[in-house]
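Residue numbers (our numbering), protein chains in the order written: chain A, 1 to 270; chain B, 1 to 270.
Just so you know, not all the hints are guaranteed correct.
Identical copies carry no separate label here, and so any pair may be met within one copy or between two of them.
Derived lysine-lysine pairs resembling DSS-like cross-links, with alpha carbons at most 27 angstroms apart [to be verified]:
#: 1; residue 1: Lys263; residue 2: Lys109
#: 2; residue 1: Lys48; residue 2: Lys59
#: 3; residue 1: Lys190; residue 2: Lys109
#: 4; residue 1: Lys40; residue 2: Lys156
#: 5; residue 1: Lys227; residue 2: Lys48
#: 6; residue 1: Lys190; residue 2: Lys227
#: 7; residue 1: Lys193; residue 2: Lys227
#: 8; residue 1: Lys130; residue 2: Lys190
#: 9; residue 1: Lys59; residue 2: Lys164
#: 10; residue 1: Lys190; residue 2: Lys156
#: 11; residue 1: Lys263; residue 2: Lys50
#: 12; residue 1: Lys109; residue 2: Lys227
#: 13; residue 1: Lys156; residue 2: Lys130
#: 14; residue 1: Lys109; residue 2: Lys156
#: 15; residue 1: Lys193; residue 2: Lys156
#: 16; residue 1: Lys109; residue 2: Lys249
#: 17; residue 1: Lys164; residue 2: Lys40
#: 18; residue 1: Lys109; residue 2: Lys193
#: 19; residue 1: Lys48; residue 2: Lys16
#: 20; residue 1: Lys156; residue 2: Lys227
#: 21; residue 1: Lys164; residue 2: Lys130
#: 22; residue 1: Lys50; residue 2: Lys130
For the record, the hints were derived by calculation from the structure and aren't laboratory data.
2 protein chains.
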Amino acid sequence: MSRLQRLSLNQITTEKWSLSEAAEGCARADVPYIAIWRHKLADIGLQKAKTVIKDTGLKVSSLCRGGMFPAADALERQRRLDDNRRAIEEAAELGTDTLVLVCGGLYDKNIDVARQWVEEGIAQILPYAKEHHVRLGIEPLHPMYAAERSVIVSLKHANEIAEKYQPHEVGVVIDVFHVWWDPDLDAQIKRAKGRIYGFHVSDWLVPLPDILLGRGMMGDGIIDIRKIRIAVEQTGYGGPIEVEIFNQKIWDQPGDVTLAMMKERYMETC
Amino acid sequence: MSRLQRLSLNQITTEKWSLSEAAEGCARADVPYIAIWRHKLADIGLQKAKTVIKDTGLKVSSLCRGGMFPAADALERQRRLDDNRRAIEEAAELGTDTLVLVCGGLYDKNIDVARQWVEEGIAQILPYAKEHHVRLGIEPLHPMYAAERSVIVSLKHANEIAEKYQPHEVGVVIDVFHVWWDPDLDAQIKRAKGRIYGFHVSDWLVPLPDILLGRGMMGDGIIDIRKIRIAVEQTGYGGPIEVEIFNQKIWDQPGDVTLAMMKERYMETC
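Bound-form chain A, shown alone:
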C-alpha cells in the first residue's frame, strides 16, 4: 500500500461530525479508512451506518471501543460484558475485524483487583469474539488515565495479557500519545510482533493544554512519530494508521480543514 492508502480517520478527530458526515468527509478527501466510535454509531443506527460505509466505499479500520471491565458489583460487571458482546456484533456487522479495548479504570483503591477484572473480562468475551471473527486489541493508555479509563497503562502489560491467547485472538493497539515516554517501548514493540492490530498517531503538545482534550496534530508536539512508526512496521505491521486526536480546538474547526491538515501532517511526520 502507498502511504496514503493506509490512512484512517479515527472519527473522534472530527468529533462534531456525525458518522455519515465523517464518512462523506473521508470520501471527499480520499481517506480510505475510518475508525468508528460506538456513540456515533448509536446516533445513526447500525443499518444506516452500514449503508453509509458501503456507499462511500470506506474500509473500517476498527471499532472504538470495548472494555471498561472493572466495576464494583457483579451485576454491573455483567452488564459491561453484555455491552462488549454488542460491540463485537457491531464490529462484525461493520466489516472490521478489530475491536479496540479501553480496559477501564479503578472503582476503588485496589488497582490489582481492577486489573484482574480486566483479564477476566477479556477471557469471558473472547469466545464470542472468535465466533464473530473479531480480534480484541488491548490499547494501553497513558498512565495519567489509569484511575478513570484504563488500568492497563504499558505496552508490556498489554503484551503480557495478549500472550495468553493466540496471535489472531488478542493483540495490542499502539497509540504514540500513550506510549512515547516508555523506556521499554522498542523492546515491547518487537515483542508485539504478529499481534499489533492497530497503530494510532497524534502528538504530545508542550505544555499539555488539557489532560483529556489536549492531544495535538502530528508535528505540533514532541513525539518522534516516524521512529515509532518504523519500529512498528519492522515487526511486519502494514495495516491502517489511525489519526486519533482529542482536542477542542481541532474539534471546533471544520472537518474538511481537519482532514486536509491531517493528510499533510501524516505525510510530513509519520
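Got chain A; can you put chain B on it based on the hints?
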C-alpha cells in the same frame, strides 16, 4: 522511630512560606524533618538557613533538587553540572546526605539522547557528591512530565541507572504520586532494596484538577498509600516520609492548617 518521628514537610507543600516560616511551622507542629527547596534556600541564603535549621532543631530529610541535565548545547549542559555541584555543596552544608534528582526533560524529539545526558550528568557530578558525602537520589516522575521535567519516568529505569553505582552513592526516591500506576511497582521496590533514599506521599485526585498543581492531600485520592509504604519498608527503609503536595488550594490556606491536616492524614492513610 514512632510514625510521627518519620514525618517530613517537603516545603513545596507550604509554598507561600519562606524557609524560616516553614521551619518555624514544623517546630510548632512537632514535625521533625523538613525537605528544603533550593529556590527557597536562595531567598534567605545558606547561612541564615543553617541558623534557622539549627535553632528549630529540625533535621533536613533532603534537598530538592539537582538534575535537569539535558540541554541543547554543551555550554548550557556545563552550566547545569556546575549548578548541581552547588546543590551538592548546599546539601552538605544543610546536613542532609540526600540530593533529590529531577533529571530533566526533552530539548528536542530525541528522548534517547536526553536519557544519555542524564546518565552522563550523574556520572559527572558523582565524584563531587562523594567528596561531600552526599548521595544522589533519582526520583522517577510520572510519565506525564516526561517532556518537560524528567525523561526518567519509571522506577525500573531509575533502578537501572542507580545500579551502575554503589548503594550508598546513587539510589532512588519513591513518590507515590509518580509511581502508583506502575504494574511493575512491587518488583521494582524490592529491587531498590538498600538504595531507597526517600519516600514521598501525596494523592492522585479524580479527576485530576491540574497537571502541575493538582496533587492531593493523602486520603483525598485513589492511591493505596499504605500498601506502597509497607512495600517500601519491607526493603528495610525506615527513613523520613516526606509530604510533597503541589496544589494551589493547599498553597492558599494557612501553613499551620496544612501542617495539622498533613499530620492527621499521614497517620490515617500512610
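Outcome of the hint check:
no.	hint	result
1	Lys263 / Lys109	between (42 angstroms within a copy, 21 angstroms between copies)
2	Lys48 / Lys59	within (15 angstroms within a copy, 70 angstroms between copies)
3	Lys190 / Lys109	between (33 angstroms within a copy, 21 angstroms between copies)
4	Lys40 / Lys156	neither (31 angstroms within a copy, 40 angstroms between copies)
5	Lys227 / Lys48	neither (39 angstroms within a copy, 51 angstroms between copies)
6	Lys190 / Lys227	within (13 angstroms within a copy, 33 angstroms between copies)
7	Lys193 / Lys227	within (16 angstroms within a copy, 35 angstroms between copies)
8	Lys130 / Lys190	within (25 angstroms within a copy, 40 angstroms between copies)
9	Lys59 / Lys164	neither (29 angstroms within a copy, 51 angstroms between copies)
10	Lys190 / Lys156	both (11 angstroms within a copy, 19 angstroms between copies)
11	Lys263 / Lys50	within (25 angstroms within a copy, 60 angstroms between copies)
12	Lys109 / Lys227	between (36 angstroms within a copy, 10 angstroms between copies)
13	Lys156 / Lys130	within (24 angstroms within a copy, 36 angstroms between copies)
14	Lys109 / Lys156	both (22 angstroms within a copy, 23 angstroms between copies)
15	Lys193 / Lys156	both (13 angstroms within a copy, 23 angstroms between copies)
16	Lys109 / Lys249	between (34 angstroms within a copy, 23 angstroms between copies)
17	Lys164 / Lys40	neither (32 angstroms within a copy, 52 angstroms between copies)
18	Lys109 / Lys193	between (34 angstroms within a copy, 25 angstroms between copies)
19	Lys48 / Lys16	within (18 angstroms within a copy, 59 angstroms between copies)
20	Lys156 / Lys227	both (19 angstroms within a copy, 23 angstroms between copies)
21	Lys164 / Lys130	within (15 angstroms within a copy, 47 angstroms between copies)
22	Lys50 / Lys130	within (21 angstroms within a copy, 69 angstroms between copies)
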